[in-house]
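> FYI, the numbering for the sequence shown is 1 to 92, going by the working numbering.
A few of these clues could be false.
To be verified - Here are the in silico distance ranges between beta carbons for each label pair:
| hint | residue 1 | residue 2 | range |
| --- | --- | --- | --- |
| 1 | 92 | 18 | 29 to 37 Å |
| 2 | 51 | 15 | 33 to 41 Å |
| 3 | 91 | 18 | 15 to 23 Å |
| 4 | 55 | 11 | 29 to 37 Å |
Stated by the list, open to error - Each computed DSSO-like pair below joins lysine-lysine, with the alpha-carbon atoms no more than 30 Å apart:
| hint | residue 1 | residue 2 |
| --- | --- | --- |
| 5 | 21 | 53 |
| 6 | 21 | 57 |
| 7 | 11 | 21 |
| 8 | 53 | 11 |
Worth flagging that the hints you see were computed from the coordinates, not collected in a lab. Quick caveat: nothing in here was measured; it's all calculated off a predicted structure. Backbone N, C-alpha and C define an ideal beta-carbon position, used for all residues, glycine too.
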Amino acid sequence: MILVITDNKVKNREAYLSLAKAFVEDTLNDKGCREMQLCIDAEQTERVVFVSKWEEKEDFMAHVQGETFAKHIVGMGPYYVTGTDTFLEIKE
Numbered sequence: 001m002i003l004v005i006t007d008n009k010v011k012n013r014e015a016y017l018s019l020a021k022a023f024v025e026d027t028l029n030d031k032g033c034r035e036m037q038l039c040i041d042a043e044q045t046e047r048v049v050f051v052s053k054w055e056e057k058e059d060f061m062a063h064v065q066g067e068t069f070a071k072h073i074v075g076m077g078p079y080y081v082t083g084t085d086t087f088l089e090i091k092e
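Produce the complete structure using the sequences and hints provided.
As structure tokens, this is what we get:
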């Protein structure tokens, strides 16, 4: 099991958030996705963080290349500035 922290810098966060919420809802149906949360930084208004739990890293990578991602990136892309993905192994 892995935890993925996707830390994005965006412009017009409020517009981005409505699109991001729909993205999260759809992503929860993707293979291997166990959980995804949308988080904001109260002090950095351009920061949006997705915290997700996946069965395997390969499931996340397939998601990034898959239909859900392609469907939502069209709307979210214009607000995206930069971002990073951090992968952490969950020890249970």
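> Look at each hint and say if it fits the structure.
Structure-based check of each hint:
At roughly 34 Å, the beta carbons of residue 92 and residue 18 sit within the given window of 29 to 37 Å. Under the hint 33 to 41 Å, the C-beta atoms of residue 51 and residue 15, about 21 Å apart, miss the expected range. Restraint check, residue 91 to residue 18: a C-beta distance of roughly 35 Å breaks the suggested window 15 to 23 Å. For the pair residue 55 and residue 11, the beta carbons lie near 33 Å from each other, so the given range of 29 to 37 Å is met.
The hinted pair formed by residue 21 and residue 53 meets the criterion: a straight-line CA distance of about 16 Å does not exceed 30 Å. In summary, the hint linking residue 21 to residue 57 is supported, as the alpha carbons are separated by about 22 Å, within the 30 Å threshold. With a C-alpha separation of about 16 Å, the suggested pairing of residue 11 with residue 21 holds against the 30 Å cut-off. Restraint check for residue 53 and residue 11: the C-alpha separation of about 26 Å stays at or below 30 Å, so the hint holds.
In summary, the structure is inconsistent with hints 2 and 3 from the numbered list given earlier, while agreeing with the others.
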